[in-house]
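Engineer: Spelled out, the chains give:
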Amino acid sequence: MSGFRHKDLLSIKQLSVDDINLILEVASSLKELTQRDIKKVPTLRGKTVINFFYEPSTRTRTSFELAEKILSADSINISASQSSIMKGETLSDTARNLDAMNPDLIVIRHSSSGAPHFIAKKVRAGVINAGDGINEHPTQALLDLFTIKEKKGGFKGLEVAIIGDIAHSRVARSDIFALKKMGAEVTVSGPPTMIPKGIESLGVKVCYDPAEAVRGKDVIIGLRIQLERQKKVLFPTLREYSTFFSIRKEIVELAKPDAIIMHPGPMNRGVEIMSDVADSKRSVILDQVINGVAVRMAILYLLIGGKNE
Amino acid sequence: MILIKGGTVVDPVRGKEEKRDIIIEGERIKDILPQGKIPKENVFQKIINAENMIICPGLVDMHVHLREPGHEYKEDIESGTLAAVAGGFTAVACMPNTDPPNDNSSVTSFILRQAEIKAHCRVYPIAAITVGRKGERLTEFGDLKKAGAVGVSDDGRSVLNSDLMRRALEYAKYHGLAVISHCEDPYLSEGGVMHEGEVATMLGLMGIPSESEEIMVARDILLSKLTKAPVHIAHVSTKGSVELIRRAKEEGIPVTAETAPHYFSLDHRAVIGYDTNAKVNPPLRTEEDVEEIKKGLKEGVIDVIATDHAPQSPLEKDVEFDKAEFGMIGLQTALPLTLNLVREGILSLPEAIKKLSYAPASILGIPWSNIEIGARADIVIIDPDYSYVLEERHIFSKSKNTPFLGKRLSGIVKFTIIEGKIIYEGFF
Chain X
0 MSGFRHKDLL SIKQLSVDDI NLILEVASSL KELTQRDIKK VPTLRGKTVI NFFYEPSTRT
60 RTSFELAEKI LSADSINISA SQSSIMKGET LSDTARNLDA MNPDLIVIRH SSSGAPHFIA
120 KKVRAGVINA GDGINEHPTQ ALLDLFTIKE KKGGFKGLEV AIIGDIAHSR VARSDIFALK
180 KMGAEVTVSG PPTMIPKGIE SLGVKVCYDP AEAVRGKDVI IGLRIQLERQ KKVLFPTLRE
240 YSTFFSIRKE IVELAKPDAI IMHPGPMNRG VEIMSDVADS KRSVILDQVI NGVAVRMAIL
300 YLLIGGKNE
Chain Y
0 MILIKGGTVV DPVRGKEEKR DIIIEGERIK DILPQGKIPK ENVFQKIINA ENMIICPGLV
60 DMHVHLREPG HEYKEDIESG TLAAVAGGFT AVACMPNTDP PNDNSSVTSF ILRQAEIKAH
120 CRVYPIAAIT VGRKGERLTE FGDLKKAGAV GVSDDGRSVL NSDLMRRALE YAKYHGLAVI
180 SHCEDPYLSE GGVMHEGEVA TMLGLMGIPS ESEEIMVARD ILLSKLTKAP VHIAHVSTKG
240 SVELIRRAKE EGIPVTAETA PHYFSLDHRA VIGYDTNAKV NPPLRTEEDV EEIKKGLKEG
300 VIDVIATDHA PQSPLEKDVE FDKAEFGMIG LQTALPLTLN LVREGILSLP EAIKKLSYAP
360 ASILGIPWSN IEIGARADIV IIDPDYSYVL EERHIFSKSK NTPFLGKRLS GIVKFTIIEG
420 KIIYEGFF
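Protein chains in written order, with numbering that gives the first Met the number 0: chain X, 0 to 308; chain Y, 0 to 427.
The set of hints was computed from the structure by calculation and includes no laboratory data.
Please note: incorrect hints may appear among the correct ones.
To be verified - For lysine-lysine, the following BS3-like pairs were computed, each having C-alpha atoms within a straight-line distance of at most 25 Å:
hint, chain 1, residue 1, chain 2, residue 2
1, Y, Lys4, Y, Lys29
2, X, Lys86, X, Lys151
3, X, Lys12, Y, Lys144
4, X, Lys121, Y, Lys399
5, X, Lys148, X, Lys231
6, Y, Lys248, Y, Lys293
7, Y, Lys238, X, Lys196
8, Y, Lys293, Y, Lys15
9, X, Lys12, X, Lys121
10, Y, Lys29, X, Lys120
11, Y, Lys322, X, Lys86
12, X, Lys151, X, Lys280
13, Y, Lys248, X, Lys231
14, Y, Lys15, X, Lys121
Between the sequences and the hints, there should be enough to build the whole structure, so can you do that?
Structural biologist: Structure, rendered in structure tokens:
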């Protein structure tokens with residue numbers, strides 16, 4: 000595998016179409032491992048990965064840890080509440096101290112946009128961005144691509160609607176960069192207060208009305224309303240949001256008959272997505288979860304595997 | 000006696016530039032002569048060869064943060080004024096957002112006393128408009144003026160209460176204090192870390208809309224109209240602000256304005272890569288804004304170029320982008336960046352120097368001397384074409400927070416002379 004020449008995975012923006020295809024191919028061949036009785040291969044034996052989560056996470060962190068364990072890497076988990084950040088240590092110092100212990104990779108989730116880029120400049124280890132502020136969540140976008148490819152066969156000409164708080168969503172940004180790169184058409188939708196200025200410059204269409212936005216689409220991606228990130232009031236009440244912007248049955252029926260429903264989780268059922276939609280046959284939300292393990296195995300392998308002298 | 004020979008003397012008041020030799024005796028300019036006319040009998044302690052150089056009167060920066068008292072780890076009056084003279088400035092006006100803030104005459108006196116002991120150039124304190132810069136009640140303008148303050152500003156914040164701002168303008172006019180307004184609606188800018196627009200959207204950073212500045216510019220213009228009292232708009236960064244000020248000046252409202260070199264030299268793309276040195280308030284705007292700022296400078300809508308020199312240490316800057324403090328230093332980069340405007344044909348050399356000297360001195364009402372026989376010898380000698388890559392070791396500020404590090408600049412100060420004494424001699 001000489002095609003992947005990156006030390007870090009910080010952003011979808013840094014990846015070429017070939018890089019993405021390679022990740023998806025490798026993920027596809029590794030996915031089978033997750034279904035085995037004995038889920039262990041020695042590929043990354045002797046490699047150390049630090050999962051450094053400044054923000055709470057269930058899915059992403061478990062997914063990374065599982066991917067690391069299946070590939071036999073030694074993984075160490077640190078969360079903000081149990082680390083020296085609580086004692087006032089700067090991110091720069093924490094990162095350099097961890098790096099001094101010679102890990103091969105640092106997987107970081109952080110509430111500040113650009114934090115992974117910041118530490119990547121300071122450490123020798125590779126850095127994977129597991130979500131930074133409202134900027135990007137590249138591994139989520141890659142597992143979304145993997146799931147779409149699995150269900151739809153490809154990306155060219157595919158029409159995708161992303162609905163919800165686009166302004167504060169790192170998943171939206173990474174998905175937009177990834178889908179546009181692979182040749183899909185993207186429409187974003189949500190209340191005008193949640194559509195950031197200049198989003199059209201990323202090559203997407205804006206359609207505030209979710210019913211219009213999903214009409215004739217192949218893929219519907221719902222986003223979480225990030226109540227914890229809501230510093231300013233962007234909509235009057237949850238009830239009002241749900242009434243006018245939730246993904247509900249009547250809306251989904253306007254999409255293509257074989258359209259799929261995706262959501263990065265965790266869901267606020269009854270707010271941005273109705274339970275009957277989330278649990279319907281069209282929903283691939285749980286496929287996304289298992290595909291996440293496969294995609295992260297592929298990324299780990301491409302970044303630090305296969306380089307054994 | 001000092002002889003400066005072979006250079007081009009810039010007169011920013013009359014808009015002229017002429018080859019002249021200058022003789023300095025003691026604190027004053029003894030003579031200004033056409034080249035080759037130096038009387039043979041004169042004996043000079045020093046002869047400065049200023050061939051191909053610009054000789055101009057001392058520059059004035061009406062907007063700097065010297066950080067003393069309270070934040071001496073970032074900068075102090077000694078280091079800040081050393082950076083000033085290295086940048087060609089013979090006088091600086093320092094903003095009141097120190098700790099404690101300069102909101103009473105004892106802090107003003109402290110600053111002036113410290114300046115007397117250790118400053119390399121003249122220091123003119125700007126006092127706060129409101130006590131604690133909290134926007135609640137006016138400081139004692141009269142007492143502050145008596146102690147040596149030359150203007151008032153709550154720089155870093157707007158005085159949100161429009162009635163209080165109105166009273167400040169009226170009262171400051173009576174005392175002859177300039178009112179310098181930082182224009183920002185904090186509700187619109189809250190949470191923002193860069194200009195709101197496509198670059199912020201691409202980088203996943205929260206934006207500050209141009210309107211956050213323009214709303215307050217419009218308000219202060221209207222208050223100036225109401226009170227007939229002058230107001231000076233600090234660090235203009237947007238196209239809309241330039242348009243508002245242009246219209247106000249056409250109507251005869253007594254408004255003046257400054258911009259900083261970074262607003263005509265950089266746009267919001269400088270933030271790409273999450274460079275915290277490019278994080279500044281107001282934020283770097285779009286290319287369109289940059290063009291309008293240049294147009295405003297050319298037309299005279301923007302009177303002054305001031306640096307908003309804002310030193311920050313690695314404690315404030317070597318952190319996550321959204322946690323980093325705003326601000327960049329500017330005392331040593333202002334001149335080369337302004338000379339770019341001359342090279343681009345936007346300003347003539349005398350116009351550029353005027354915006355860096357005579358104009359701010361007039362707005363603040365502080366003493367300033369042109370290059371004239373008998374005048375106080377405050378003189379800067381500049382090599383306008385000297386080209387170099389800016390490195391940390393060139394910077395005299397305690398803080399090195401500038402996005403121009405590693406960038407090529409043209410124009411360097413060779414000598415700064417204050418009251419006939421060579422205060423700074425360039426090491427290039």
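Engineer: Please name the hints from earlier in the document that this structure breaks, with their numbers sorted from lowest to highest.
Structural biologist: 2, 3, 5, 10, 13 and 14
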